[in-house]
Structure formats: C-alpha cells, structure tokens
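K.L.:
Each chain, letter by letter, is given below.
2 protein chains.
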Amino acid sequence: MRNLTLLTDLYELTMGQGYFREGKHEEIAVFDVFFRPNRLITYSVAAGMEQATEYLENLHFDESDLAYLRSLGIFTEDFLGYLKNLHFTGDVYAVREGEIVFPYEPILTVKAPMIQAQLVETALLTIINHQTLIASKASKICAAAQGDVVMEFGLRRAQGADAGTYGARAAVIGGCNSTSNVYAGKLFGIPVAGTMAHSWVMNFPTETDAFRAYAEAFPDNCLLLVDTYDTLKSGVPHAIEVFRELRAKGHEPKGIRLDSGDLAYLSKEARKMLDRAGFENTVICASGDLDEYSIRSLKEQGAKIDSWGVGTKLITSADLPALGGVYKLAAVYDEDGAEIPKIKLSNTTEKITNPSFKDVYRIYDRATDKAIADYITRHGETIDESEPLLLFHPVDTWKRMTVTNFRVRNLRTLLVKGGKRTSPARPLMEIQKYCAEEKGRFWEEYTRQDMPHIYKVDLSPALYALKSEMVEKYGKGD
Amino acid sequence: MRNLTLLTDLYELTMGQGYFREGKHEEIAVFDVFFRPNRLITYSVAAGMEQATEYLENLHFDESDLAYLRSLGIFTEDFLGYLKNLHFTGDVYAVREGEIVFPYEPILTVKAPMIQAQLVETALLTIINHQTLIASKASKICAAAQGDVVMEFGLRRAQGADAGTYGARAAVIGGCNSTSNVYAGKLFGIPVAGTMAHSWVMNFPTETDAFRAYAEAFPDNCLLLVDTYDTLKSGVPHAIEVFRELRAKGHEPKGIRLDSGDLAYLSKEARKMLDRAGFENTVICASGDLDEYSIRSLKEQGAKIDSWGVGTKLITSADLPALGGVYKLAAVYDEDGAEIPKIKLSNTTEKITNPSFKDVYRIYDRATDKAIADYITRHGETIDESEPLLLFHPVDTWKRMTVTNFRVRNLRTLLVKGGKRTSPARPLMEIQKYCAEEKGRFWEEYTRQDMPHIYKVDLSPALYALKSEMVEKYGKGD
Numbered sequence: 055m056r057n058l059t060l061l062t063d064l065y066e067l068t069m070g071q072g073y074f075r076e077g078k079h080e081e082i083a084v085f086d087v088f089f090r091p092n093r094l095i096t097y098s099v100a101a102g103m104e105q106a107t108e109y110l111e112n113l114h115f116d117e118s119d120l121a122y123l124r125s126l127g128i129f130t131e132d133f134l135g136y137l138k139n140l141h142f143t144g145d146v147y148a149v150r151e152g153e154i155v156f157p158y159e160p161i162l163t164v165k166a167p168m169i170q171a172q173l174v175e176t177a178l179l180t181i182i183n184h185q186t187l188i189a190s191k192a193s194k195i196c197a198a199a200q201g202d203v204v205m206e207f208g209l210r211r212a213q214g215a216d217a218g219t220y221g222a223r224a225a226v227i228g229g230c231n232s233t234s235n236v237y238a239g240k241l242f243g244i245p246v247a248g249t250m251a252h253s254w255v256m257n258f259p260t261e262t263d264a265f266r267a268y269a270e271a272f273p274d275n276c277l278l279l280v281d282t283y284d285t286l287k288s289g290v291p292h293a294i295e296v297f298r299e300l301r302a303k304g305h306e307p308k309g310i311r312l313d314s315g316d317l318a319y320l321s322k323e324a325r326k327m328l329d330r331a332g333f334e335n336t337v338i339c340a341s342g343d344l345d346e347y348s349i350r351s352l353k354e355q356g357a358k359i360d361s362w363g364v365g366t367k368l369i370t371s372a373d374l375p376a377l378g379g380v381y382k383l384a385a386v387y388d389e390d391g392a393e394i395p396k397i398k399l400s401n402t403t404e405k406i407t408n409p410s411f412k413d414v415y416r417i418y419d420r421a422t423d424k425a426i427a428d429y430i431t432r433h434g435e436t437i438d439e440s441e442p443l444l445l446f447h448p449v450d451t452w453k454r455m456t457v458t459n460f461r462v463r464n465l466r467t468l469l470v471k472g473g474k475r476t477s478p479a480r481p482l483m484e485i486q487k488y489c490a491e492e493k494g495r496f497w498e499e500y501t502r503q504d505m506p507h508i509y510k511v512d513l514s515p516a517l518y519a520l521k522s523e524m525v526e527k528y529g530k531g532d
Numbered sequence: 055m056r057n058l059t060l061l062t063d064l065y066e067l068t069m070g071q072g073y074f075r076e077g078k079h080e081e082i083a084v085f086d087v088f089f090r091p092n093r094l095i096t097y098s099v100a101a102g103m104e105q106a107t108e109y110l111e112n113l114h115f116d117e118s119d120l121a122y123l124r125s126l127g128i129f130t131e132d133f134l135g136y137l138k139n140l141h142f143t144g145d146v147y148a149v150r151e152g153e154i155v156f157p158y159e160p161i162l163t164v165k166a167p168m169i170q171a172q173l174v175e176t177a178l179l180t181i182i183n184h185q186t187l188i189a190s191k192a193s194k195i196c197a198a199a200q201g202d203v204v205m206e207f208g209l210r211r212a213q214g215a216d217a218g219t220y221g222a223r224a225a226v227i228g229g230c231n232s233t234s235n236v237y238a239g240k241l242f243g244i245p246v247a248g249t250m251a252h253s254w255v256m257n258f259p260t261e262t263d264a265f266r267a268y269a270e271a272f273p274d275n276c277l278l279l280v281d282t283y284d285t286l287k288s289g290v291p292h293a294i295e296v297f298r299e300l301r302a303k304g305h306e307p308k309g310i311r312l313d314s315g316d317l318a319y320l321s322k323e324a325r326k327m328l329d330r331a332g333f334e335n336t337v338i339c340a341s342g343d344l345d346e347y348s349i350r351s352l353k354e355q356g357a358k359i360d361s362w363g364v365g366t367k368l369i370t371s372a373d374l375p376a377l378g379g380v381y382k383l384a385a386v387y388d389e390d391g392a393e394i395p396k397i398k399l400s401n402t403t404e405k406i407t408n409p410s411f412k413d414v415y416r417i418y419d420r421a422t423d424k425a426i427a428d429y430i431t432r433h434g435e436t437i438d439e440s441e442p443l444l445l446f447h448p449v450d451t452w453k454r455m456t457v458t459n460f461r462v463r464n465l466r467t468l469l470v471k472g473g474k475r476t477s478p479a480r481p482l483m484e485i486q487k488y489c490a491e492e493k494g495r496f497w498e499e500y501t502r503q504d505m506p507h508i509y510k511v512d513l514s515p516a517l518y519a520l521k522s523e524m525v526e527k528y529g530k531g532d
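Chains as they are written, first to last, in our numbering: chain A, 55 to 532; chain B, 55 to 532.
Chain A extracted, bound-state conformation:
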C-alpha cells in the first residue's frame, strides 16, 4: 500500500507544530465533512469511506517522510520526534458507502486528538470528495439509462491513474455494470468490458477480415465496432456477414458498437438491418461523449440502444468536476471531557456551520417506506418513534410539518474506533445493491434531474437552540 501520510496540505503540519508547541495537540476535537448545495446537486451517493479507512489505518511517517520534513527547515526536532510515533487513534463516524446524502449533513465525522484530526483533513476530503462526486454522477447517468447496461469507459480521460481506478469503483457504486479499466477490475472485482478499437479494424486489409479475425478469436464474445469506415454501408453489413459465419459454426454473436455519428438514427437503422438478418438477439452498444443528458435525449428520440459506454463526462464529472466538500471544526473537549461546541460564522446564513458533535437520522414514512427528511441532532439525542415529530426548516423556521407513523434510522455507523476499522470491507457489488435499494426509498420528485423538490435536512430543537445561541453570542462582530 502506498504511504499517503504526506498527502496533506502543508498548513496541517504547521498548525500541528503550533498545537504541539501550545500543548494543545492532544486535545480531542470533532471535525465534520459535509458539502454545500450546488445547482447541479440534487442528491449525492456517498463513496470512498473504504479508502478513507485504509488511509487512516496506514497513517505513519516513515524515515524518508521525516527527512523530507526536516529538509524544509521549519519544523523542530521535538515535533519531528513526535510525528515519528504518530498513528491515527481516533474515532470516525460515517454514512455507509452507497448512502444517498444531501448538502449540510455531516457524512463523516472525525473525533481525534487535534493534531491527528487536522493532519487527516486533506486526504479524507480528497478521497471522499472524489468518489462521492463520481458515484453521484454515475447514479444520475444510470437513472437516465433506465435500467440499461451502463459501462464505465473513461480511464484514458481520467485525471490520473487514481481518478480512473477509484473513479471506476465509485461509478459501480452509483450503478454502472462494468468498467473497461482492467486494474480497477482486479482491485475491486468489477466486471470488465471491452472488445476492439478502430485500430483493430484498420490493421486488416478489409473490415470483413478484421471482423472475421475477431470472431475467430472470441467466437462467444463477438461484439464488433462498426463505425470505422461507414456504419450503415460498410460496418453493419460486414458485421452481419461475419455473424452468419459465426452462427453457422454454432456460435451466437453478441452485437455491435457505435462510437460516432448520429446515434439515434444509426442505431434505429442498424437495428432494422440486424433484425431483418435474423439477429434480433444481438445488442447495440453506443459510446462517444455520453452522459445523462445525451442518454435521455437519445431515449426520447427512440434510439435502439441496449447498452451505454460512458467515458469522459462520467469519469471527470464534466459538468461539476469537484464536489466541494469541506471539513469543519464542530467541537473540542476540555480537560474534564466536557464538550465545547465550535461554530464558523458567515455573512451567508446557510454557510454558518452546525456546532457540536452530531448524529444524523433519516426519517421514513412507515406507510410507504419512503424517506421524508433527514434530521440532524446533537450526539446522543434519541427520537421517540411513538410520538409526533415536528420538523422545521433550519433557516426559514416558519416552514414546518409534523410527522407521525414514521421510523428513524441512524445514517452513520462507527467506521473506525480507536484508529481501527470496526468491520471488514464490504464487497463492491453489495454496496451497489445497497445504493439502489436506498435510492428506491426516495420519491422520484427528490432525485429527478430537472427542478427536483429539495429534500429536507432539518435540525433537532436542541441543535437549533445551540446554534441560535452561538450565532447570537459570536455573531455581533467586534
């Protein structure tokens, strides 16, 4: 495993030395990871907690790291000696991977000695921001594909090897069926997909020769790329010719892939040609600059496409290439273990943080089993399911509703306790299934692409009272 301990912003270490000097470095602090709304975020799919756990368990400065830090000339030997023995010993509460999550709710909380909590900020954000971003994009793309197979094809346009590999993992959490990335297939057990490129076709004297050679090499997995020269005049007829030869030898062809041109028109014409030739069971796979918008448009146009290879726009989340998750101090503890809540003020009310160590609950209507709202409480608050529960908007508090006949679920589990994971890694396909099931518990009004209803993320009265009191106290300027 790569040692990513230095994958941190320098200021985490300068602050670390400052806390060390002040004797504050082992004070316990609570930091929350959450993200803010954005016109493109309707809901998000949490991902990356597994890699975050691996990172935390592996945290240590090796000799070369310390030698490098020493070379910077800004750290004391005392402090470097302290770092030499540093490991992560804190607790981490987090939503499950595949969980549907919303702005403002703490999807991950670190409770750890100050210096550790500060040091891990950057890498936790990098990991969680990235995978949550791609899982969310994949979820939207798969929703547009309405149950069709979606293959992740973006590696060559990914922002580096990790972006391609952990991006493939996140894409599968969000609903993709497979990836072209063999490395991701090996690491995470994701089904891998792919057959041929244009270069294969160009490497034979004729297109038919190229198709025939491929069919002979992979008689039971024969999916032919038909757009190298002319899709309808050359590619599809040649594919049909080779499919007939294949069938004569007792093999059924898989289908064709279209990678350019007017995919709506070409797929409809190709479908007719394949059907007329008796290959009704072949699939038509499309690729080329696809995303949730183009897939929806192609479906509206009646394109005859069975499976979708989605590349650049998925693996980079092209219309929103960063989630913008933040990591904010929520509390510290005094010598007696009493909580001192912390708040970050802002002139924009929505940007004021929620103070104190918190829990997040999801409230479901028992009659429909659909999610009604998320509900953030101070840590340890209990919710009585047998009593009506008043929900109110955290800013416009006159917007309120009372719910009855509901159940609540604590959205977060203790992921890491005392620096060690509490449970083994979950198989990726189980996470995908969990995500799909939980998404099914949301009314489509909340998850649709166009002008969705805003799902409620409310505060408990106790948390709201604390926040109001702190805003009142600290919000008066100097």
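Hints are computed from structural coordinates only; laboratory data are not their basis. Treat the hints with care, as some may be off.
Each pair may be met inside one copy or between any two copies, as identical chains are not told apart.
[Claimed, not checked] Here are the simulated BS3-like cross-link-like pairs (lysine-lysine), alpha carbons at most 25 Å apart as the crow flies: (1) K521 x K398; (2) K287 x K527; (3) K138 x K240; (4) K287 x K398; (5) K405 x K287; (6) K326 x K353; (7) K287 x K521; (8) K527 x K405; (9) K398 x K78; (10) K487 x K424; (11) K471 x K138; (12) K398 x K165.
We have chain A already, so just place chain B on it with the hints.
P.N.:
Frame of chain A, contents of chain B only:
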C-alpha cells in the same frame, strides 16, 4: 513503484490476444498521441512524459496480474504465457515537457510491436492527457497573474491522490511557484506553501490569541488568515497588533491571507491599514475559487493582492476537465520494413488523421526569434533553412504564405529507445523555466485568452500529398 501494467482498457488485451492468434502481435506499428481543438484551447503545455517513461520502463505483468486475467476466462494459456515475458521494447518520440503545443500535432509517437503499442495506449493517454491539461490551465492562470506568485492549493478537491499530486507537478510546469501538497513537494522537489486554516483561529479563545500563538511558533514565517470572523473589523486589526509585537521582538511579519468576501475591496482596505501601521512590506495573499478569469477581473478592479492561492479550478481544470487527447494508428511496417501508412477517415475533414510516421518542426523567424508556425512532415524529411518555405493551410489550401530568414527546430526527441529512457529525468524547475522561455517565443496574439489568433500547424507537401492520395483512395465509401 506501483505496477500500473493493468491500467489499461480491456480491449487492448482482447485485441492483443487477437493479434497474437493472427501472428500479427510483433508487427511494428506507429501510433500518435494528439488532441483536437476545443473552444477553450488556445495553446497547451505538454507534460507527463516523465511519468509515461517510468510507466513504460516498468511495464510487466506480475503473477497476480496474470492470475487475475486467467480468472476472466477469456484469455488462452498461450497468450498469458506470452504476456508473462512481455516488456516494452519500442521507441517513443515526444515533445519535451513544458513544450508549447497545438491541436493535431503528434506530441508523442510510439513505434513498437503491435501488441505493446496497443497495450500502452490507455495509460499513456491517461498520464499525458491529465498532466498536459493541468499544465495548460496553470499556464493560463499564471499569465493572468502577470508575474505574481501563484500557489497551487487544490489537493482536497482533486480527483484522487494522483490528480492532486501529478496535478501539482503539472501546475508547476505551467508556472505555479509552489504547492500546498506536501507529498508532491517530497516527490518532485516543489516548494511547499501554507500556514493556517480557520480551525486554528477557532481553536483559541480569541483571534488575537490564535495569531499570537502562530507568531510565536513561526516568528519568521508569520502569514495570518484574517477572515475567520470579520476581516476589516477584527482580522486585520488583530494581525497588525500581533505584527507589532513580532517586530518588537526583531522579526518581520510575512503578511495576511484573505479567503472569502469581496477580495478587491477587502484587499484594498487591508493594504491601507497595513501600510498606515508601517507594514508596507507585508504581502496580501488571496484564495477562494480563483482562476484566470477571476484573477484578471480582480486585477482590473485594482485589487491589492500580491500572491494567489489557486485551488479547485486549477487542479480540476474546471472549465475543461478533460483534454481529449487521442492515440491513433499512423502506420505499420511489412516484413521488409516498408512503411504502410494508415488513415482514419471521418465525415469531418478536420478529424481525418495524418497518416504515416511523422516529425514535427517549429519554424522561428530569425529576426524576432518568434515562432511562426509548426510544420508536420513525414519522418526523415529535411527542411532547408536557406530556401524560402511555402506554408499552406492543411484544409483551406488557398491560405498560404512563404517564409524566409527562419530557423527550424525538431520539436520531438527520442524519449525511449528500445524500451529504455535515453536521458535522466529533468529537474522540475528546469522544465518550468524551459516552458516560460518557449512561451516567450510566441506572440501574445497566439496565447492570449480572448479570441486568440489561431497558430498555424501545417503539413509538408509530401505529407499533404500522401494524405490526399489516401483520402481519395479510401474515402469513397463502399
């Protein structure tokens, strides 16, 4: 070093098995990496060649890779046995890192046995696409900053650890002075930057306490974040108070950082306050969602900002999150070593590839030492600098000009020969310097952000003739 041999699309391996089966796997092939124009690309800064070289030198399937491929059930034992001994033995021609490059010109060419050339396609594209993208974005941002210090601060919003780390490397090639990413600092010798976060300020009873504690810990590197509560009423006055104490002890403060609010107004007011207090030599550093557009706008507004911390929009290249570089077959060789040029047709004239193994020259005017045009030739063509050279547009051939008093430079060197690098890695700061110098050889009309002139990338008559002949021959449909 991580073994990234499996960082490839599955189809590279299925085609590999196909070529192996056909006995074509060791035929020599030539593939070009190039990218197409895009409304946001005026020029690009090539980067990633060093990591591409490391990847190629390290290419090998280890036992666990082969076991994984075997488990897929689609590869023959013959083929897996062949992969077991596979290494990269080919040649790679590439532009230098830091080179200013343009659409359509082959910035990297692989000449290798077919199976190897195909296998390395994906990872080469991933590496070159990513680093070239970020180096180009950085170059534009640094141009907007007009010589001010630019710090790369994006790690937490990067698309994974590699995106943050190799992105920082690329950002420095494009002109950034430093990075917050300590891991990148260690790996590449990049200067690292950073002091404190809002959490530091929130962790002390008062802002002044927080500033004072930091000043005591880093008396000679005291740059204070002044926007936690109220920049002008609280942050700057408290910073000045602590700066006075620092000076009384014989240390000069570094300055302040603004991370939110109206950076134009706040920086102007803060500058006045600092100057009036006798701290004219302190710097004002700004951060928060910056890019080339906002930096230019802030400069137009007269913001008093000395250094720029640029994060999300740089590290993700937010307005163009993928470069879209491609890898296209240009030629194969027959048994006698004769070149068989290859072409990929398209209904869009600009998308038709340039056939054959090629060279790329840059033509400079001797009087001004400015670049006039790039000039793509068939491999081995020579250009006589003592004779007038006719340049013509590769599509609209009536657009032509004759140049005299020029010099030419072969833009590419032999990066890898027979699978081994031809020269040691260059120090990153040397690459940055090279990039800046070469950029200085372009008229600003070609590199400016708004409506730039299109820099000419032309074909030699021999290459144009070959291309025309092949389009004529293959372009007639079925």
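K.L.:
Each hint: holds or not?
P.N.:
These are the hints, each one checked on the structure:
Proximity of K521 and K398 under a CA criterion of 25 Å is satisfied intra-copy only: 10 Å inside one chain copy versus 63 Å between copies. Only between protomers do K287 and K527 lie at most 25 Å apart by alpha-carbon distance; the minimum there is 17 Å, versus 75 Å within a single protomer. In the homo-oligomer, the alpha carbons of K138 and K240 lie at most 25 Å apart only across protomers (17 Å), although the nearest pairing inside one protomer, at 34 Å, exceeds that limit. For the homomeric pair K287 and K398, the shortest alpha-carbon distance between copies (17 Å) is at most 25 Å, but the shortest distance inside one copy (64 Å) is not.
Within a single copy, K405 and K287 get their C-alpha atoms only as close as 58 Å, which misses the 25 Å cut-off; across copies the closest is 20 Å, which meets it. Only within a single protomer do K326 and K353 lie at most 25 Å apart by alpha-carbon distance; the minimum there is 17 Å, versus 60 Å between protomers. Proximity of K287 to K521 under the C-alpha cut-off of 25 Å is restricted to the inter-copy arrangement: shortest distance 23 Å between copies versus 68 Å within a copy. Proximity of K527 and K405 under a CA criterion of 25 Å is satisfied intra-copy only: 17 Å inside one chain copy versus 64 Å between copies.
When the C-alpha separation of K398 and K78 is checked against a cutoff of 25 Å, the pair qualifies only within one copy, where the shortest distance is 20 Å, while the shortest distance between copies is 65 Å. When the C-alpha separation of K487 and K424 is checked against a cutoff of 25 Å, the pair qualifies only within one copy, where the shortest distance is 17 Å, while the shortest distance between copies is 59 Å. In this assembly of identical chains, the alpha carbons of K471 and K138 lie at most 25 Å apart only when taken from the same copy (22 Å versus 42 Å across copies). Proximity of K398 to K165 under the C-alpha cut-off of 25 Å is restricted to the intra-copy arrangement: shortest distance 18 Å within a copy versus 57 Å between copies.
Violated hints for the displayed structure: none, as all numbered hints are satisfied.
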